[in-house]
Amino acid sequence: MTRPSVLVPIQVLEGESLPEGTPELLTNAHVVLLGYHVIPGQTAPGQARMQFEEQALARIEEFEAVLTEAGATVDHRLVFTHDAQQTINRQIAENDCLAALVPRTLADLEDVLVAVRGTVGIDRLARVVAGLFADRDIDVTLYHVTSEDETDADVDVLLEGLADRLADENVDPDRIETRTDRDVKPVDAIADLAETYDVVVMGESDPTLATFVFGMPADQVADRFLGPVLVVQREPTDDE
Amino acid sequence: MGANGVDVSTGGENIEGQQPEPEPQAVTDETTAHDEGVELERTIGLVGGLAIGIGTMIGAGIFVFPGLAANEAGPAAALSFAIGGVIALLVALPASELATAMPRSGGGYYFISRSLGTAGGAIVGLGLWLGLVFAAAFYLVGLGHYVVAVLAEIGIALSLGPAPPHVVLGLIAGATLTALSVAGTERTAALQNVIVVVLLVILTGVLSYGVLDALGVFGRQTVPDTFFSKGYFPVLSTAALVFTSYLGFAQVATVAGEIKRPSRNLPLAMVGSVIVVTVFYAVTILVATSTFGADRLGTFGETAMVNVGRNLLGLPGAVLILVAGLLATFSSANASILSASRSIYALSRDALLPRKASEINLKYGTPHVALAMAGGPILVLVATDSVEILAEVASFLHLVMYALICVALLVLRRRNPAWYDPDFRMPGAPALPAIGAVASVALIAFMNAASIVIGVVIMALSYGWYRYYADDVRLKGDI
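Chains S and L supply the protein sequences, listed in that same order. Counting the first sequence from 1 gives a position; the working numbering is that position plus 5. Counting the second sequence from 1 gives a position; the working numbering is that position plus 36.
Misleading hints may appear alongside valid ones.
[Said to hold, decoys possible] SDA-like, lysine to any residue: derived pairs with alpha carbons at most 20 Å apart:
1) Lys392(L) x Gln54(L)
2) Lys392(L) x Gln61(L)
3) Lys392(L) x Phe57(S)
4) Lys392(L) x Asp507(L)
5) Lys296(L) x Glu200(S)
6) Lys512(L) x Gln61(L)
7) Lys190(S) x Asp228(S)
8) Lys392(L) x Gln60(S)
9) Lys296(L) x Asn94(S)
10) Lys399(L) x Glu59(S)
11) Lys190(S) x Gly123(S)
12) Lys399(L) x Asp88(S)
13) Lys512(L) x Gly500(L)
14) Lys399(L) x Gly123(S)
15) Lys190(S) x Ala89(S)
16) Lys296(L) x Ala89(S)
17) Lys296(L) x Gln90(S)
18) Lys296(L) x Gly500(L)
19) Lys296(L) x Gln91(S)
20) Lys399(L) x Glu21(S)
21) Lys399(L) x Gln60(S)
22) Lys392(L) x Met55(S)
23) Lys190(S) x Glu155(S)
24) Lys399(L) x Met55(S)
25) Lys399(L) x Ala89(S)
26) Lys266(L) x Ile119(L)
27) Lys399(L) x Val43(S)
28) Lys296(L) x Gly126(S)
29) Lys296(L) x Arg129(S)
[What the hints assert, rightly or not] Have a look at the derived ranges for each label pair, beta carbon to beta carbon:
30) Val315(L) x Asn94(S): 28 to 38 Å
31) Ala172(S) x Val230(L): 33 to 43 Å
32) Ala215(L) x Ala89(S): 51 to 61 Å
33) Glu174(S) x Thr64(L): 31 to 41 Å
34) Asn175(S) x Glu49(L): 23 to 33 Å
35) Arg503(L) x Thr73(S): 18 to 28 Å
36) Leu187(L) x Ala89(S): 39 to 49 Å
37) Ala226(L) x Asp228(S): 20 to 30 Å
38) Thr73(S) x Ala226(L): 37 to 47 Å
39) Thr64(L) x Ala89(S): 13 to 23 Å
40) Gly76(S) x Tyr400(L): 35 to 45 Å
These aren't lab readings, by the way, just hints derived from the structure by calculation. From the three backbone atoms N, C-alpha and C, an ideal C-beta is built for every residue, glycine too.
Let's have the full structure, built from the sequences with the hints guiding it.
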């Protein structure tokens, strides 16, 4: 089984460190450990590098050692930037990351909530879930909010199909559960349900006017859920 | 693109035992990459690059010089601006080629130190820093004049002690700008873009009206004038004076290390900004001289454009030009202070200035020492209130760099080292860069003697500093 690659962004000089529980969560992953430092426009990135490189690299290498010890393979990057989002997007594309972690403290790792939006991107979602949680004592709940133009049968096919695929990839079928809701707003429903779980896995949506105004659903969920969120990235497009 | 940058192993150490920082491993469209997975993100796009170039230049050419230039050269001042534009373009082309081969921070300083060696690099690099200091002081005096004019418009006549009010206001503005750059927010770049767009919109509106007016569309007689009313020589000396209006494209190169897709965006931003401002300058002078005639225009001094705006559009015209003049001189001064700080960083990276000079403030994340090294001398220069000397010395120090940029291009084309692989190759080499070099030096000859003396002294001191402080530092690439 190939390790799913997961981006772990850390603002390394702002006192952020690798949150507790992250090494355990990512033990089966290939981690792209991104230390980044955002500087104001008046400062040249190279100027910040001259002053902070040593200190920042030392911290990153410390985190890298902890992740490696827990079983992950790790690549690190240290980026000085004026624009954090541009840097994170570029790292995801360059390193072909399946998912990005919103790094948060994790007390126990017993159950995972997987928000399934639809068939689009489901292959990448499956690779992340199976890659990280196969053969481990972790309960996986596949959750879908049924929309008005879907029938219950459609949703069963969707979730059962995913459950079968995960089982094929060595996720214990007895630990997979499915759950659906109807007539609720997906973001609220996921965030509410997430409170009883340790980790959330969800997809990144296509940007629309609504996401432009209200932010990405994954960000909205991450704002409300206090634990780590794995955001599965869209298939890279060629036109970029 | 020239993926591996310059083949240079910098070496030696300065008097404090500091060595030049190692060169990066690779330069890509989106980053500058160093060892151990360390990368510097490129975040300035084409619009940002154009805004730096246009924003730096347009303040001087349109809002400070028209009156002064008309006073010296008559209607032929338009020709002086055109000469400046042609020379700027002759240098922007080789600078673009060099920038695509070496997209690193420091611009002209970087090209020259890597192709002609440390001595030339030190003279140009220290000259660039001080040239920007002179330029910023010049813009700030202009800004002071605009504030006085705004206050006069609403009926307030300032009296601020023994110094002329525009000098005091220029000093306050300079100190405020420096403090803002040290402690300011992150969005200064976005603000600069907005200011430039607002400026271009106001100017296009006022000038379009002015052109129609000059063509007689609104049924008014324009003032006829003899074109060379002051003779031929003043056209060239005025060209030397107003060349300060064309310094901004080199500032694009000082942030070359932060420009996205440098092989495309650097040439477009440099050459594009020169062409845009040249067109605006030419139209401005045409409109201004046809509105009043050169002689009357010349009597209005630094804020002559306000009178042009009033004459064309009444009070709203005057207000528009006043607002635009404030924005333009402000953005020019701001861009120059930031570029000066970037030049100091480039010198300190190469051990030509103490490492301390580019130190970053832990609270604000800004280079407070470098900004103070820009802001401090600027205030001293503003206090001298010598608009023409400030402008000419700024031009002098830039023109020396421009001439050497042309020489560097000729040397690199001739030796053609393996690492030299620019994506943009200028047309007309070697003739055009040779003409560019000669023209840059020739323009200096038409300046005031005082400006030339100050410029030469600064160059000599720069060379002396290099021999004293960093004699042992080697920066030249494998050529």
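Okay, the hints, checked on the actual structure:
{"no.": "1", "hint": "Lys392(L) x Gln54(L)", "verdict": "holds (11 Å)"}
{"no.": "2", "hint": "Lys392(L) x Gln61(L)", "verdict": "violated (25 Å)"}
{"no.": "3", "hint": "Lys392(L) x Phe57(S)", "verdict": "holds (14 Å)"}
{"no.": "4", "hint": "Lys392(L) x Asp507(L)", "verdict": "holds (19 Å)"}
{"no.": "5", "hint": "Lys296(L) x Glu200(S)", "verdict": "violated (42 Å)"}
{"no.": "6", "hint": "Lys512(L) x Gln61(L)", "verdict": "holds (17 Å)"}
{"no.": "7", "hint": "Lys190(S) x Asp228(S)", "verdict": "holds (16 Å)"}
{"no.": "8", "hint": "Lys392(L) x Gln60(S)", "verdict": "holds (17 Å)"}
{"no.": "9", "hint": "Lys296(L) x Asn94(S)", "verdict": "holds (15 Å)"}
{"no.": "10", "hint": "Lys399(L) x Glu59(S)", "verdict": "holds (19 Å)"}
{"no.": "11", "hint": "Lys190(S) x Gly123(S)", "verdict": "holds (15 Å)"}
{"no.": "12", "hint": "Lys399(L) x Asp88(S)", "verdict": "holds (19 Å)"}
{"no.": "13", "hint": "Lys512(L) x Gly500(L)", "verdict": "holds (19 Å)"}
{"no.": "14", "hint": "Lys399(L) x Gly123(S)", "verdict": "violated (46 Å)"}
{"no.": "15", "hint": "Lys190(S) x Ala89(S)", "verdict": "violated (30 Å)"}
{"no.": "16", "hint": "Lys296(L) x Ala89(S)", "verdict": "holds (15 Å)"}
{"no.": "17", "hint": "Lys296(L) x Gln90(S)", "verdict": "holds (15 Å)"}
{"no.": "18", "hint": "Lys296(L) x Gly500(L)", "verdict": "violated (37 Å)"}
{"no.": "19", "hint": "Lys296(L) x Gln91(S)", "verdict": "holds (11 Å)"}
{"no.": "20", "hint": "Lys399(L) x Glu21(S)", "verdict": "holds (17 Å)"}
{"no.": "21", "hint": "Lys399(L) x Gln60(S)", "verdict": "holds (17 Å)"}
{"no.": "22", "hint": "Lys392(L) x Met55(S)", "verdict": "holds (11 Å)"}
{"no.": "23", "hint": "Lys190(S) x Glu155(S)", "verdict": "holds (15 Å)"}
{"no.": "24", "hint": "Lys399(L) x Met55(S)", "verdict": "holds (17 Å)"}
{"no.": "25", "hint": "Lys399(L) x Ala89(S)", "verdict": "holds (19 Å)"}
{"no.": "26", "hint": "Lys266(L) x Ile119(L)", "verdict": "holds (17 Å)"}
{"no.": "27", "hint": "Lys399(L) x Val43(S)", "verdict": "holds (13 Å)"}
{"no.": "28", "hint": "Lys296(L) x Gly126(S)", "verdict": "violated (30 Å)"}
{"no.": "29", "hint": "Lys296(L) x Arg129(S)", "verdict": "violated (30 Å)"}
{"no.": "30", "hint": "Val315(L) x Asn94(S): 28 to 38 Å", "verdict": "holds (37 Å)"}
{"no.": "31", "hint": "Ala172(S) x Val230(L): 33 to 43 Å", "verdict": "violated (56 Å)"}
{"no.": "32", "hint": "Ala215(L) x Ala89(S): 51 to 61 Å", "verdict": "violated (26 Å)"}
{"no.": "33", "hint": "Glu174(S) x Thr64(L): 31 to 41 Å", "verdict": "holds (36 Å)"}
{"no.": "34", "hint": "Asn175(S) x Glu49(L): 23 to 33 Å", "verdict": "violated (59 Å)"}
{"no.": "35", "hint": "Arg503(L) x Thr73(S): 18 to 28 Å", "verdict": "violated (51 Å)"}
{"no.": "36", "hint": "Leu187(L) x Ala89(S): 39 to 49 Å", "verdict": "holds (43 Å)"}
{"no.": "37", "hint": "Ala226(L) x Asp228(S): 20 to 30 Å", "verdict": "holds (25 Å)"}
{"no.": "38", "hint": "Thr73(S) x Ala226(L): 37 to 47 Å", "verdict": "holds (40 Å)"}
{"no.": "39", "hint": "Thr64(L) x Ala89(S): 13 to 23 Å", "verdict": "holds (19 Å)"}
{"no.": "40", "hint": "Gly76(S) x Tyr400(L): 35 to 45 Å", "verdict": "holds (41 Å)"}
Checked against the numbered hints given earlier, this structure breaks hints 2, 5, 14, 15, 18, 28, 29, 31, 32, 34 and 35; the rest are met.
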